[in-house]
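Peer 1: Residues per chain are reported as follows:
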Amino acid sequence: MIYLDYNATTPTDKRVVEAMIPFYTEQFGNPSSLYTAGQEAKRAVDQARKKVADLIHASEKEIIFTSGGTESDNLVLRGVARAQKKKGNHIIISSIEHHAVLNTAKALENEGYSVTYLLVNENGQVDPQDLKRAIRPETILVSIMHANNESGVMEPIRELAVIAHERGVLFHTDAVQTVGKLPIDVADLGVDFLSASAHKFYGPKGIGFLYAKKGVRFTPQVVGGSHEGGKRAGTENVPAIVGLGVAVEIAATEQKEEMIRGRKLRDDFEEALLSAIPEVRIVSRGVERLYNTSLVLVKYVEGESMLLYLDFEGIAVSTGSACSSSSLEPSHVLLSCGYPEEAAHGSIRFSLGKFTTSYHLKKVLIVFPPIVEKLRKMSPLRDVYSYPPQAD
Amino acid sequence: MIYLDYNATTPTDKRVVEAMIPFYTEQFGNPSSLYTAGQEAKRAVDQARKKVADLIHASEKEIIFTSGGTESDNLVLRGVARAQKKKGNHIIISSIEHHAVLNTAKALENEGYSVTYLLVNENGQVDPQDLKRAIRPETILVSIMHANNESGVMEPIRELAVIAHERGVLFHTDAVQTVGKLPIDVADLGVDFLSASAHKFYGPKGIGFLYAKKGVRFTPQVVGGSHEGGKRAGTENVPAIVGLGVAVEIAATEQKEEMIRGRKLRDDFEEALLSAIPEVRIVSRGVERLYNTSLVLVKYVEGESMLLYLDFEGIAVSTGSACSSSSLEPSHVLLSCGYPEEAAHGSIRFSLGKFTTSYHLKKVLIVFPPIVEKLRKMSPLRDVYSYPPQAD
Amino acid sequence: MYSEKVCEHFRNPRNVGNIENADGVGKVGNPTCGDVMVMYLKIDDDVITDAKFETFGCAAAIATSSMSTELIIGKTVDEALRITNKTVAEALDGLPPIKMHCSVLAEDAIKAAIDDYRSKVKSPMAKATK
Amino acid sequence: MYSEKVCEHFRNPRNVGNIENADGVGKVGNPTCGDVMVMYLKIDDDVITDAKFETFGCAAAIATSSMSTELIIGKTVDEALRITNKTVAEALDGLPPIKMHCSVLAEDAIKAAIDDYRSKVKSPMAKATK
Ligand SMILES: Cc1ncc(COP(=O)(O)O)c(C=O)c1O
Ligand SMILES: Cc1ncc(COP(=O)(O)O)c(C=O)c1O
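One line per chain: the protein sequences are A, B, C and D, in this order. Note that numbering that gives the first Met the number 0 numbers the first sequence so that position 97 is 96, with each residue one more than the last. Note that numbering that gives the first Met the number 0 numbers the second sequence so that position 121 is 120, with each residue one more than the last. Note that numbering that gives the first Met the number 0 numbers the third sequence so that position 81 is 80, with each residue one more than the last. Note that numbering that gives the first Met the number 0 numbers the fourth sequence so that position 95 is 94, with each residue one more than the last.
To be clear, the hints were calculated from the coordinates, so they are not data collected in a lab. Please note that the accuracy of each hint is not assured.
To be verified - Which chain C residues face chain A? A few, computed with CB under 7 Å, are given here:
#1 Gly-33
#2 Thr-54
#3 Gly-56
#4 Leu-70
Every residue gets a Cβ at the ideal spot worked out from N, C-alpha and C, and that includes glycine.
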């Protein structure tokens, strides 16, 4: 298989799995237990917490382990909403957030909170001026993702966080697509909360974390025992936490090289793709994007068909976001950027990772053009839609 | 190490770990992905769901995977509270519930819900008549645990569920301590919801499930993508789900034998312990208890001290519940049974598992009496308290 | 997710393309919904002698288009009208529940093409050219 | 969780037991809180010549009891009164934050025992027997 869907999930690094196994079988103690085996497990959890904190330049007490990115997003939105209810009931997010943020905001709307969905420009970026205008006295939280999972577009988090803080509003960023891929410094970004998920960077599924800046208040959403400093209850997933710690260490040492190698692979691929297939656009090509992501729009052709034809050739890619691919809706990210619905149905996301080689991409460049041609021949669509302008 | 704290957590069965590993490294696809690797992962998740459903005689659509017992408990309490808000705001739980239920109920009280905490008799059991009296027109949920994690006492779930249903009230049981240890049939128990956690029966940490009977309404607490039939969002923890499936299979085949072997070990141990140490009580010895659990009260001596002296001898046990052992409060379970606080501070829980041998317990019977003697010599307490009566 | 038959029809769709001077053309669906199907029919004496399709859509949409053309070729228009979305889905060994709407599209496309044919037959212009 | 020194004093507590006809006895804590400490002092000319303890409590309670007796033996009562919970905790290479209250208990036990000693010395009965 040529796997080009690293934004959906990644294989767990073998070094990560090896580090995890003893915590299933030998050092299986419960970190809440006072005896040696329990305290050893606790120490392993503490060490992983230190590694995670170091990666994003936070302190250990600011790291809360969760079951993944979705839970982290839910925790911060719901948690701040509950804790700051007295201060206000208004939340601001962007319209291109992952469903984990988007649907949590919608759930809060159902509970009586008020939500502003900031539009993005044709390049998929939030305009800081829009945020400025959207903040009200009763605004309690702004949540804007660090990089978009479909297009890879980076949002101007630093600027946005400053604007929120000028008005005394807490700022969260969903960094599920950037943690492990890019160096991150929470102080430099200036955020109060940051979500991440291990399986997006060669760590295990089922574990993630929330960075919550010292002193910020939010109401825990899973309560019980006094785990995670009382902020998230449940017996710690020790093996996965240990695995996350190792994944973080590996990212810290290998990230820099991968940023260069990956970007070159991706850029070369995009260039070749544009000349191999007519009437194709790479979304937001002209703006700052995650180095591993290419969101490709292919006119007149529907995404799932392309995806499955590629699958027949042993190539794994996605259309829209992985989470919504079992639904029938077009990508809300593309619609938000001003693309017509038929275009939003015709996207293919190539997301590269550390096992991607130029050979893999050459294979794609060989098999993809005939697939597009075949599907276009089948298509009744001709020139019924056009794309919004874009700086390429 | 002689591990006698299986109610806190268990080692993951080697067969479980072996089944999990390929889903980290090779079959790492995201079950939401449409290509072959994703659909294979989806199939693995579906197969595990079938195994879990079979174990408790439910149907697959009634099983929702969560990150563990605590999340399952939170999901049902919070989810029913939100969904049934129009019907009423009253919830009934017992006073000996695990903190995952107890503290969720308290969180709901803070949000304006009203909670009745049913007392238990001196044997730790809820009286069905008490439940009958406690139900009000605005009652929306009753949550009583199947077996208590500290004492092992079994609650009369069948009877209690009938009473709740007679008044049209939903019934949840926290079966974290019984699933995998005892055969369970949700239809026979008559419950609408049931929580379980894999790491309590040789499955991996970080995965559990909620059984929610077809047709019952509750509001999801973690939203995002449309995973788990829209009832719990977040990329599926595929390796852990596969591991849970294997753990369930193993439990189904090995449980019966273990129930006989374990009970004999435990009963012999209790008898020997009672004759080896004076002024010791085994809590709720006379009533139906989980076959693997012995909650021992030792007069004049504090639990943590006994625990640590046993740890020096390589024996791992707990005092109170594992989750609260880092807090200073005496066991709320013992207090609820009518034991004085000094007694509630002096408990040691031995919980046996499938790797426990009679040799292990013989060792305990050799080292434990001198530990008690040493600590009693240090103690200023003499006859300042006595235990409530109990049928032995 | 998809049956082998769906995959087979998706990979090797029958009767792709259009028919010049078709006797009936039916266009259904909407690009904004992600599915557009155009059905072209050649009809002689109320018997469908040829059928071709053009489809923008998912694998289910393409497979149902392909299967529909196979099912109706050789049938009279009345027989073809009795083909329901269930018939098409069953002929494909079933469709995933969330994809069932695609088979409705196929049924609709057949109906639309036959309607078109009938309206032409009834109109004087059509008669004149016959 | 605990320092090696705490473990060592917990495993091998010094000066366990009581002193018959102690010059000062201090009992602090409460069984309902899970901690009871009784400190027995032998005092000659305001110098603590012997100290023993009985403790019901956790490892931290037992270790701080043991350490306290070591710290005060040989000290004058005034010197002993200057021993704070911090002194005891530091002598044990620290205690986990949630266990710091145990070291307060030790400080309190010393104070209570000395108070008892002083009240006896001041009372006529005590003087008479001297
Ligand atoms: C931007 C973003 N946020 C949140 C998530 C959810 O993370 P998880 O699947 O670990 O719950 C994802 C991935 O699915 C994502 O790409
Ligand atoms: C009865 C009971 N309920 C709930 C839980 C919580 O389960 P978990 O630790 O998997 O979240 C436990 C164990 O800690 C338990 O014993």
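Peer 1: Checking each numbered hint in turn, tell me which of them this model violates, lowest number first.
Peer 2: Going through the list in order, the structure violates hint 4 alone and respects the others.
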